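Below are the chains, spelled out letter by letter.
Protein chains: 2
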Amino acid sequence: MQTPTVSQTLSTTLQHRRKRLAELTETPAILWSGGYISRNFPANTFPFRASSHFLYFAGLPLVNAAIRLEAGKLELFMDDAPPEASLWHGEELTRSQIATIIGADRAYPLTELASKTANTVTIAVQDSKTYQQQCQILQRNVPYPQQAKEQDVDLIKAIVTLRLCHDAEAIRELKKSATVAVEAHKAGMRATATAKTEAEVRGAMEGVIFAHNMTTSYNSIVTVHGEVLHNEEYHHALQPEDLILADVGAETSLGWASDITRTWAVSGKFSPTQRDIYNLVLIAHDTCIANMRPGVEYRDIHLLAAKIIAEGLVDLGILKGNPADLVEMDAHALFFPHGIGHILGLDVHDMEDLGDLAGYEPGRTRSDRFGLGYLRLDRPLRSGMVVTIEPGFYQVPAILNNPSFRDRYRGVINWDKLAQFGDVRGIRIEDDVLITETGTEVLTANLPNKLTEIETLVNSRS
Amino acid sequence: MQTPTVSQTLSTTLQHRRKRLAELTETPAILWSGGYISRNFPANTFPFRASSHFLYFAGLPLVNAAIRLEAGKLELFMDDAPPEASLWHGEELTRSQIATIIGADRAYPLTELASKTANTVTIAVQDSKTYQQQCQILQRNVPYPQQAKEQDVDLIKAIVTLRLCHDAEAIRELKKSATVAVEAHKAGMRATATAKTEAEVRGAMEGVIFAHNMTTSYNSIVTVHGEVLHNEEYHHALQPEDLILADVGAETSLGWASDITRTWAVSGKFSPTQRDIYNLVLIAHDTCIANMRPGVEYRDIHLLAAKIIAEGLVDLGILKGNPADLVEMDAHALFFPHGIGHILGLDVHDMEDLGDLAGYEPGRTRSDRFGLGYLRLDRPLRSGMVVTIEPGFYQVPAILNNPSFRDRYRGVINWDKLAQFGDVRGIRIEDDVLITETGTEVLTANLPNKLTEIETLVNSRS
Numbered sequence: 065m066q067t068p069t070v071s072q073t074l075s076t077t078l079q080h081r082r083k084r085l086a087e088l089t090e091t092p093a094i095l096w097s098g099g100y101i102s103r104n105f106p107a108n109t110f111p112f113r114a115s116s117h118f119l120y121f122a123g124l125p126l127v128n129a130a131i132r133l134e135a136g137k138l139e140l141f142m143d144d145a146p147p148e149a150s151l152w153h154g155e156e157l158t159r160s161q162i163a164t165i166i167g168a169d170r171a172y173p174l175t176e177l178a179s180k181t182a183n184t185v186t187i188a189v190q191d192s193k194t195y196q197q198q199c200q201i202l203q204r205n206v207p208y209p210q211q212a213k214e215q216d217v218d219l220i221k222a223i224v225t226l227r228l229c230h231d232a233e234a235i236r237e238l239k240k241s242a243t244v245a246v247e248a249h250k251a252g253m254r255a256t257a258t259a260k261t262e263a264e265v266r267g268a269m270e271g272v273i274f275a276h277n278m279t280t281s282y283n284s285i286v287t288v289h290g291e292v293l294h295n296e297e298y299h300h301a302l303q304p305e306d307l308i309l310a311d312v313g314a315e316t317s318l319g320w321a322s323d324i325t326r327t328w329a330v331s332g333k334f335s336p337t338q339r340d341i342y343n344l345v346l347i348a349h350d351t352c353i354a355n356m357r358p359g360v361e362y363r364d365i366h367l368l369a370a371k372i373i374a375e376g377l378v379d380l381g382i383l384k385g386n387p388a389d390l391v392e393m394d395a396h397a398l399f400f401p402h403g404i405g406h407i408l409g410l411d412v413h414d415m416e417d418l419g420d421l422a423g424y425e426p427g428r429t430r431s432d433r434f435g436l437g438y439l440r441l442d443r444p445l446r447s448g449m450v451v452t453i454e455p456g457f458y459q460v461p462a463i464l465n466n467p468s469f470r471d472r473y474r475g476v477i478n479w480d481k482l483a484q485f486g487d488v489r490g491i492r493i494e495d496d497v498l499i500t501e502t503g504t505e506v507l508t509a510n511l512p513n514k515l516t517e518i519e520t521l522v523n524s525r526s
Numbered sequence: 065m066q067t068p069t070v071s072q073t074l075s076t077t078l079q080h081r082r083k084r085l086a087e088l089t090e091t092p093a094i095l096w097s098g099g100y101i102s103r104n105f106p107a108n109t110f111p112f113r114a115s116s117h118f119l120y121f122a123g124l125p126l127v128n129a130a131i132r133l134e135a136g137k138l139e140l141f142m143d144d145a146p147p148e149a150s151l152w153h154g155e156e157l158t159r160s161q162i163a164t165i166i167g168a169d170r171a172y173p174l175t176e177l178a179s180k181t182a183n184t185v186t187i188a189v190q191d192s193k194t195y196q197q198q199c200q201i202l203q204r205n206v207p208y209p210q211q212a213k214e215q216d217v218d219l220i221k222a223i224v225t226l227r228l229c230h231d232a233e234a235i236r237e238l239k240k241s242a243t244v245a246v247e248a249h250k251a252g253m254r255a256t257a258t259a260k261t262e263a264e265v266r267g268a269m270e271g272v273i274f275a276h277n278m279t280t281s282y283n284s285i286v287t288v289h290g291e292v293l294h295n296e297e298y299h300h301a302l303q304p305e306d307l308i309l310a311d312v313g314a315e316t317s318l319g320w321a322s323d324i325t326r327t328w329a330v331s332g333k334f335s336p337t338q339r340d341i342y343n344l345v346l347i348a349h350d351t352c353i354a355n356m357r358p359g360v361e362y363r364d365i366h367l368l369a370a371k372i373i374a375e376g377l378v379d380l381g382i383l384k385g386n387p388a389d390l391v392e393m394d395a396h397a398l399f400f401p402h403g404i405g406h407i408l409g410l411d412v413h414d415m416e417d418l419g420d421l422a423g424y425e426p427g428r429t430r431s432d433r434f435g436l437g438y439l440r441l442d443r444p445l446r447s448g449m450v451v452t453i454e455p456g457f458y459q460v461p462a463i464l465n466n467p468s469f470r471d472r473y474r475g476v477i478n479w480d481k482l483a484q485f486g487d488v489r490g491i492r493i494e495d496d497v498l499i500t501e502t503g504t505e506v507l508t509a510n511l512p513n514k515l516t517e518i519e520t521l522v523n524s525r526s
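Going down the list, the protein sequences come from chains Z and U. Remember, the numbering used here sits 64 above the position in the first sequence when you count from 1. Remember, the numbering used here sits 64 above the position in the second sequence when you count from 1.
Read the hints as simulated data drawn from the structure, not as lab findings. This one's a predicted model, so the numbers in the text were calculated from it and none came from an experiment. What you were told as hints is all true, and nothing was included just to trick you.
Quick list of in silico lysine to any residue cross-link-like pairs, SDA-like style, CA-CA up to 20 angstroms:
#1 U/Lys-193 x Z/Phe-110
#2 Z/Lys-193 x U/Cys-199
#3 U/Lys-260 x Z/Thr-279
#4 Z/Lys-260 x U/Thr-69
#5 U/Lys-240 x U/Pro-512
#6 Z/Lys-137 x Z/Thr-77
#7 U/Lys-137 x U/Leu-88
#8 U/Lys-240 x Z/His-300
#9 Z/Lys-193 x U/Gln-198
#10 Z/Lys-240 x U/His-299
#11 U/Lys-193 x Z/Gln-198
Far from chain U, by Cβ distances over 10 angstroms, these chain Z residues were calculated:
#12 Ala-86
#13 Gly-136
#14 Gln-161
#15 Gln-197
#16 Arg-204
#17 Ala-234
#18 Gln-303
#19 Val-330
#20 Ser-331
#21 Thr-337
#22 Ala-354
#23 Leu-380
#24 Arg-430
#25 Asn-478
#26 Val-506
From the three backbone atoms N, C-alpha and C, an ideal C-beta is built for every residue, glycine too.
Given the sequences, and given the hints that come with them, work out the whole structure.
Take a look at the structure:
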């Protein structure tokens, strides 16, 4: 790596993080960064992404490095680039220079790591080759996080405690990421007037992210088929009557994510039916955020969104019955089949590598209810958490054509009425919300979400 | 995968390719596509890239699929998406639909593969998890291509023979890829006037590639430090006196690559010293292409470039001596330390996973000469080959400050003269060249490379 752009407080922050870790667990831990992963041939690699747990304590996306954390001290293990590498990669920072930047207490070549593994714990990385090294150096089968036992679990729980609530350094990075994602979405809206395909809108959006020397935090969704929830294809032509659903986030060079969804009309003007549903989703979104503060259960925010959507669909004549009963029977999930959001940090679904150890309060498990089982976070909100709020409405053929659902909900759906909303395949509105001492701060607030403001942006072209 | 955009002739082409394979080797072969590779957590994956050998015969980037090739027949092995996947991914093509598109002779679920492995050969894929499946299903340690023996080597050699010379379908895809890369470079030049950083130019270029629903064929180089040959950082500010070196290529949705480098002045106007070196590199580039035709040795094209660069540097007073002698002593490589180019196809360095089995004519090996050892291709040119031609001039500190080089070449470098060219850190001009029956067709010819035309484009802004 060449000279990275880091804040002057990075090394102090990292020191604080490892001291807090030491307060939560006494067992020494080794965390690996991971290596380059080959794409179609060895030298053609995917862009490097360091393990998030490593990044949290080491600060920089170092390739093929490890850190050992014990009693608030950080030891860095990495090799200097061989001299001949400078022909291809220029002068790279040495281990000693990196140790200074991140405030490491000691720094060693990688070969030293094997002699410092006694009684250490770790977390398995995603990269298979590095995972094999973990097992080899620790001389044991490192369990994947969801199967972790004993000491490894103590480390995982301690790291979850730390990473759930962000410090000032993390919040600064998350805000940087949000700012760039906001610009990307504005560019996507402005590009729509002249774009002929989903791909053109995506290109305009990701171009902005790369222009800020960031990357995408996940594979972008930019589609006129918002009802396909994880649609990663971009080949459809844009039709004037379509809505574009764009779920695009940025990731800073130090790894921190943003995650924003907006939905807008290709023509620049929502139809009356699109307008009705959009405003319903927006009310759910705004009401959720207005009700968030420390101590509130995120699950209750999800159920609040479900209730508002059920009420709204009753008002529009699409659902029939009492909204509370409809939520109880999961009828909202016919149109809003996912959770209201998730935690956000170094990963867009933060710490999802740990399974529900991060997202679920100890003792809680996933519901088997259709309308609750996809909830990724079930904890009381705490100051310093960043979560997404992303209610939506979709007409998913796999749900609405499912015979057992059609049977189960036959008394509560007005199919004729629903047919009138055929031009609303998928709408989602998603923002990133920091929980503060007293309420919330929306990190993505600079991106309009009111329908008229969205229309103005789309019509402003570039 | 949803419905892919493929030519009507795809299935005929694929049939032709496997028939030709059967003419070269009788042993049945199984080729795996590979799977999704996790980035920071399991569900957050890198964009999928199928193995190039699989793509060559199967045509489509199918995830977790395998094909068995024997006697000109193709059997497809893949599982249909489970019904619940349609909630997240929409309706995906079934195995049977895909079999029709690619003209498979038979199609089976993946579990059937294990019963069809007798006496089969294969090529190891990059993706570690799939590689483990290869070993497990074939019940042997599949060697990496450069260690391959016996039957695996016969398959490799047969595939090299096929993939070295492109058919009409491949050339159409390569041209599509070239066309988009050309547009990306034009966008980068136009964006320079208002860009403040390398990242902004990169964003403009990659935005165009994504807008065409393609991806980059390798990690882009967009830098004011062209002397760092594989520079993948984009954080530098642009200064008016800088040159930008942009090495950016596209990859079509079916996997075919382009690879273009242009160098331009941030200010829109080259300095006299930058102009002198640029024109020298361009003469080398043009002369190489003018001398290419079937039967000509690519190594001689490399040496021709070396000689022209040596002559030019003598004319400019930077080198002293007889150009042929200078090339003989590798003095050209002080400033042009890499090969003149490489083969191009489904991989940007085509078939580089096979090591020099693809790039080097049987019986030939890498030279240990400083000025020849980095040559990636040493074969006679043949009609249907696509190669890059990419001469360059760089002032690489790791070379020019190397005491042993300084000693060895002390008699032939005029350091005072060289110091006058301090504003030329790196210049490269790279195009993609198809060898035809009678000469060449430059696939990237629509992108200007004459200095005045480049200046006009940069000054045209957007």
